[in-house]
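Novice: For the record, the sequence lines run as chains A, B, C, D, E and F.
Here the working numbering runs 488 ahead of the position in the first sequence, where the first position is 1.
Here the working numbering runs 488 ahead of the position in the second sequence, where the first position is 1.
Here the working numbering runs 488 ahead of the position in the third sequence, where the first position is 1.
Here the working numbering runs 488 ahead of the position in the fourth sequence, where the first position is 1.
Here the working numbering runs 488 ahead of the position in the fifth sequence, where the first position is 1.
Here the working numbering runs 488 ahead of the position in the sixth sequence, where the first position is 1.
No lab work stands behind these hints, which were simulated from the structure alone.
Heads up, some of the hints might be wrong.
When the alpha-carbon atoms are kept at most 27 Å apart in a straight line, the in silico BS3-like pairs for lysine-lysine are as follows [stated by the list, open to error]:
no., chain 1, residue 1, chain 2, residue 2
1, F, Lys624, E, Lys579
2, E, Lys579, E, Lys566
3, D, Lys539, D, Lys579
4, A, Lys566, F, Lys624
5, B, Lys539, C, Lys624
6, D, Lys579, E, Lys624
7, F, Lys539, A, Lys579
8, F, Lys539, F, Lys657
9, B, Lys624, A, Lys539
10, D, Lys539, E, Lys539
11, A, Lys566, F, Lys579
12, F, Lys566, F, Lys539
13, E, Lys539, E, Lys657
14, F, Lys579, F, Lys539
15, C, Lys539, D, Lys539
16, A, Lys566, A, Lys539
17, A, Lys539, A, Lys624
18, F, Lys624, F, Lys579
19, F, Lys566, F, Lys579
20, B, Lys579, B, Lys624
21, E, Lys539, F, Lys624
22, C, Lys579, D, Lys579
23, E, Lys566, F, Lys657
24, D, Lys579, E, Lys579
25, B, Lys579, A, Lys579
26, B, Lys539, A, Lys579
27, C, Lys539, C, Lys624
28, B, Lys579, A, Lys566
29, C, Lys539, B, Lys579
30, D, Lys566, D, Lys539
31, C, Lys566, D, Lys579
32, B, Lys539, B, Lys624
33, B, Lys566, C, Lys624
One-letter residues, chain by chain:
6 protein chains.
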Amino acid sequence: VFESAERTAVPGVATGLAVTGAGGDVLFIEATAMDGESGLTLTGQLGDVMKESAQIAWSYLRSHGRQLGIDPSGLVGKRIHLHVPAGAVPKDGPSAGITMVTALASLASGRPVRPEFGMTGEVTLAGRVLPIGGVKQKLLAAHRAGLTEVIIPARNEPDLDDLPDEVRKALTIHVTGEVSEVLRLALRPAESETGAQPLVGAAA
Amino acid sequence: VFESAERTAVPGVATGLAVTGAGGDVLFIEATAMDGESGLTLTGQLGDVMKESAQIAWSYLRSHGRQLGIDPSGLVGKRIHLHVPAGAVPKDGPSAGITMVTALASLASGRPVRPEFGMTGEVTLAGRVLPIGGVKQKLLAAHRAGLTEVIIPARNEPDLDDLPDEVRKALTIHVTGEVSEVLRLALRPAESETGAQPLVGAAA
Amino acid sequence: VFESAERTAVPGVATGLAVTGAGGDVLFIEATAMDGESGLTLTGQLGDVMKESAQIAWSYLRSHGRQLGIDPSGLVGKRIHLHVPAGAVPKDGPSAGITMVTALASLASGRPVRPEFGMTGEVTLAGRVLPIGGVKQKLLAAHRAGLTEVIIPARNEPDLDDLPDEVRKALTIHVTGEVSEVLRLALRPAESETGAQPLVGAAA
Amino acid sequence: VFESAERTAVPGVATGLAVTGAGGDVLFIEATAMDGESGLTLTGQLGDVMKESAQIAWSYLRSHGRQLGIDPSGLVGKRIHLHVPAGAVPKDGPSAGITMVTALASLASGRPVRPEFGMTGEVTLAGRVLPIGGVKQKLLAAHRAGLTEVIIPARNEPDLDDLPDEVRKALTIHVTGEVSEVLRLALRPAESETGAQPLVGAAA
Amino acid sequence: VFESAERTAVPGVATGLAVTGAGGDVLFIEATAMDGESGLTLTGQLGDVMKESAQIAWSYLRSHGRQLGIDPSGLVGKRIHLHVPAGAVPKDGPSAGITMVTALASLASGRPVRPEFGMTGEVTLAGRVLPIGGVKQKLLAAHRAGLTEVIIPARNEPDLDDLPDEVRKALTIHVTGEVSEVLRLALRPAESETGAQPLVGAAA
Amino acid sequence: VFESAERTAVPGVATGLAVTGAGGDVLFIEATAMDGESGLTLTGQLGDVMKESAQIAWSYLRSHGRQLGIDPSGLVGKRIHLHVPAGAVPKDGPSAGITMVTALASLASGRPVRPEFGMTGEVTLAGRVLPIGGVKQKLLAAHRAGLTEVIIPARNEPDLDDLPDEVRKALTIHVTGEVSEVLRLALRPAESETGAQPLVGAAA
Ligand SMILES: [Ca+2]
Ligand SMILES: [Ca+2]
Ligand SMILES: [Ca+2]
Ligand SMILES: [Ca+2]
Ligand SMILES: [Ca+2]
Ligand SMILES: [Ca+2]
Ligand SMILES: [Ca+2]
Ligand SMILES: [Ca+2]
Ligand SMILES: [Ca+2]
Ligand SMILES: [Ca+2]
Ligand SMILES: [Ca+2]
Ligand SMILES: [Ca+2]
């Protein structure tokens, strides 16, 4: 996870899995906050559906974050900017939803995302994780990129049958129907909880 | 009502009935509120007519809610976000109107929607329920999804003749011309009214 | 006037006459007011011309209402929502102008619109009533719907020659060039003026 | 000037001259002001050029009115609505510019426009009157409508050669290059200046 | 310079040079300021590039004016309206940039533009004057219009070879790469600097 | 570096490298700040991707500037205007990202950009420098324009093989994956750091 480790070293960056014309790929969701007019700035040539995903992710955290131990109040009244490189590549679809929630929750809590994790899944406003397409290509891409833990929607579990055995063995695959579970898995613990600087894990 | 029970367990989610290219289907309207610029955020690839339905639903509650025992004042001055999964599926038409009123009334009152209820009907700004299309496919879909109570517009009563007998028997079908009646049927009573935690009903 | 009586029972609803692909029809203009950002929300798939009619109607009342005994000040600083069901049917044209003024004047004054009245006519910002098309189809539709009083623009009086005798006899037809006259005819008197609850009239 | 006298009886209405597909025609510019968000509301299916004319007219009065004895301060901070009936007829072009200045100056000063006057001419932000097209058809229309005084741009004087003698004799034609001159000609004097209610003139 | 003298007699108007379908022409940039929401109103059917030129001109003056002795603070917080007659003629391109800076600087300083001057040149945000096209046609038009002094970008100096000798002799041609130089040339001195009313010069 | 030296003499201007239809070219990013509504004004006929680059650059500086010794607080609450001459030439693509960060950092810090530097590279919201296209044409253009130092993305290092030897020798080529490194290289030191006016270097 050389690239992922570098990219997710700071809070606010999460690793997603996407399908492109040329198979699967990893993408990074970068979030930052600054003083300015309250609201979301979205860049990365995002299509309508993906922009709506970002709105859903941000609304979910604002209305449910506190129940999950993610206090979003430090971000309220700020300008949130969410970018998905590469800047010239058009992107669309709902499957980055849980990655967007994770990036924003990381930013809000100051807890970095575990670099060995990649994830894909649509999120609803009530925090459900809905199924998405391209599971096989996405997990192959995760493996190629050196990731060792992936999160997919519970309803996509049947798609795992198509995965080559060696990839399946190399990856720890988490299936879940709730975005609260995604955050428990992918965010490093707060430093005060562990009393120690959390390690990046064996995959690093 | 396995999925519906899970999805409607929290206030702000109501179960609608829709017609898609592949017959009828159930859909969930999710509503949440947060601090922010007053107004509606609408996601789920909603078309013009469906976006107007959401505006009508919200205006109806703000101007008539108090007469119905639904105090909307806790939502005034907040950002209301209304989402209709699945995020990538375009949706349009006026028939989700009463479901939107119900989701917002549930959110405003803190009273969850009864999970055994599905509904369809256009709403007007004065609270009338106008007829919609696809009643047969919608009720078949409600039955398939395990719902046991449905609400349809009064003027759609003649469409019930086309419904197979076994479905007609399995469903309790409420016909009404007033959205105030929809709320009386579909919202669980406030806990203080019953002195007891309301049960989900025999269908659960 | 069964439907019209039900629909216009509350202040803020007026009955208009329209021409559709299938002949004439009655339509209802519903207006309501609520706290929120000052301005007009317009729904019902209204075209450009019809949206402008609503702006004209609202500006007319704000600048001339007081001269007519209609005090609009209770609506100033509020969000006015004006809806024209059915929500999925596109509508356009200027002929709903006087109906929109009437609905807003009813809302502002709390005086319901007389349910036996239907009306059609373009309104100008200075309060003139300009001629419209489709008078014959509109009056036939008014008659079919059980209305007994109609208001049309003065300059449309020649079109009455085309009307079948039995319809002409059944309807009381008011012709006028001034929207102030429309309001005098169509709004019920304020209760304080009559000392008695106004009756809906013989047609009810 | 039966129609013009009726229409211009109140301050804020001025009579313009236009060219339509069917020759020349008179049109009325109606202006009104109300409490609300500062700015211009423009209706009457106006095209881009005509909307810009309205902005120019309003900016001209705000920046130069006081020099001309027209104090615009009563309109500043108000919502100005400018409508050009008929509502469904698309209109465009710059030639209503001086008519718009006149309507707004009439509204600001409370001085009605003389009903026997019609006018046409583009206005610039510095108050120049620029030439327009269709002078012959416009003056024929003014004559047909019973107007007896018309204002045209100085640079259109050569177009008067094409006018039939009887029309030229019946009309008093004012040519000018300055919009300040238009206002001196077309607005009735303030009552306080004359000590007497100004008469409408021989044409009435 | 009969027309130019009349048009530029007041502060806020500058004479530009343009290329049209029918050769070169002079155009006037008119600027005015009024109370209202801070920002630019642009009229005259300006294209995207020309609207951006106006923004650049206004930003340049706000950030660099004071170094040039042009204090823009009287215009800050005001509505600036910039119009380019004739109102119905579409215009585009960057070559009016220095004329726009000059009109705005004239407005801000109260110093009228010298009426014998015409100018053309793109301006950058840092105050550079970039080359433009159509120099020959523009200078012929300046000469025809009676102007005697013109300003062109330094990098357009080679284009002067194409100019007829008699025009080249009749015009004083200033070439410059800095918009600060344009303002020094084209604005009349402040009255306080000269102790005397500045004359318009021999060309008047 | 004659032109570059002139153009970058003031803080807020940085030299980029672009590919056009006619090979590579240098372009200047000009940034300025003024009182006004907080936000970005972007001119120069920038396409969607390039406008997003500007937003990313500005958000990056606001959220990470202070760590880099670039205090953006003097620009917060101001209107930032970013222009890319020439005004009429459409431009797009992400490769001006690091040049935009540099221009804004120069403006915020008051430290001019070294005139002998040209640069190209996409920037991400977290400050990574991503690879771009056209390295060979861009470096040839830098050389032709007299620049002697260039910055390119680390991942573009392999493209340097295509560069003619004499150009490669004439240029000092910096490769980096971090925009913080770009700023360390390209901005002149603050005067207080050196105790002396920094020189422009041997290339001037
Ligand atoms: Ca789309
Ligand atoms: Ca996707
Ligand atoms: Ca539509
Ligand atoms: Ca539907
Ligand atoms: Ca239209
Ligand atoms: Ca109509
Ligand atoms: Ca146009
Ligand atoms: Ca015209
Ligand atoms: Ca363009
Ligand atoms: Ca030009
Ligand atoms: Ca694009
Ligand atoms: Ca590029």
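Novice: So, for every hint listed, does it hold in this structure?
Specialist: Now the hints, each set against the structure:
1. Lys624/F to Lys579/E: This hinted pair is violated, its Cα atoms lying about 38 Å apart.
2. Lys579/E to Lys566/E: Distance ~25 Å between lysine 579/E and lysine 566/E Cα, so the pair holds.
3. Lys539/D to Lys579/D: Holds: lysine 539/D and lysine 579/D sit about 10 Å apart, inside 27 Å.
4. Lys566/A to Lys624/F: This hinted pair is violated, its Cα atoms lying about 42 Å apart.
5. Lys539/B to Lys624/C: Violated - the C-alpha atoms of lysine 624/C and lysine 539/B are around 35 Å apart, more than 27 Å.
6. Lys579/D to Lys624/E: violated, 38 Å
7. Lys539/F to Lys579/A: Holds, at roughly 17 Å.
8. Lys539/F to Lys657/F: Violated - the C-alpha atoms of lysine 657/F and lysine 539/F are around 35 Å apart, more than 27 Å.
9. Lys624/B to Lys539/A: With Cα atoms ~35 Å apart, lysine 624/B and lysine 539/A exceed 27 Å; violated.
10. Lys539/D to Lys539/E: Distance ~17 Å between lysine 539/D and lysine 539/E Cα, so the pair holds.
11. Lys566/A to Lys579/F: violated, 31 Å
12. Lys566/F to Lys539/F: holds, 18 Å
13. Lys539/E to Lys657/E: violated, 35 Å
14. Lys579/F to Lys539/F: Holds, at about 10 Å.
15. Lys539/C to Lys539/D: holds, 17 Å
16. Lys566/A to Lys539/A: holds, 18 Å
17. Lys539/A to Lys624/A: Holds, at about 25 Å.
18. Lys624/F to Lys579/F: holds, 19 Å
19. Lys566/F to Lys579/F: Given that 27 Å is the threshold and the Cα spacing comes to 25 Å, the pair holds.
20. Lys579/B to Lys624/B: holds, 19 Å
21. Lys539/E to Lys624/F: violated, 35 Å
22. Lys579/C to Lys579/D: Given that 27 Å is the threshold and the Cα spacing comes to 21 Å, the pair holds.
23. Lys566/E to Lys657/F: At roughly 55 Å apart (the allowed maximum being 27 Å), lysine 657/F and lysine 566/E break the hint.
24. Lys579/D to Lys579/E: holds, 21 Å
25. Lys579/B to Lys579/A: Given pair lysine 579/B, lysine 579/A holds - Cα atoms ~21 Å apart, limit 27 Å.
26. Lys539/B to Lys579/A: Holds, at about 24 Å.
27. Lys539/C to Lys624/C: holds, 25 Å
28. Lys579/B to Lys566/A: Roughly 32 Å between the alpha carbons, so the hint for lysine 579/B and lysine 566/A is violated.
29. Lys539/C to Lys579/B: holds, 24 Å
30. Lys566/D to Lys539/D: holds, 18 Å
31. Lys566/C to Lys579/D: Given pair lysine 566/C, lysine 579/D is violated - Cα atoms ~32 Å apart, limit 27 Å.
32. Lys539/B to Lys624/B: holds, 25 Å
33. Lys566/B to Lys624/C: Between lysine 566/B and lysine 624/C the Cα gap is close to 49 Å, so the pair fails against 27 Å, i.e. violated.
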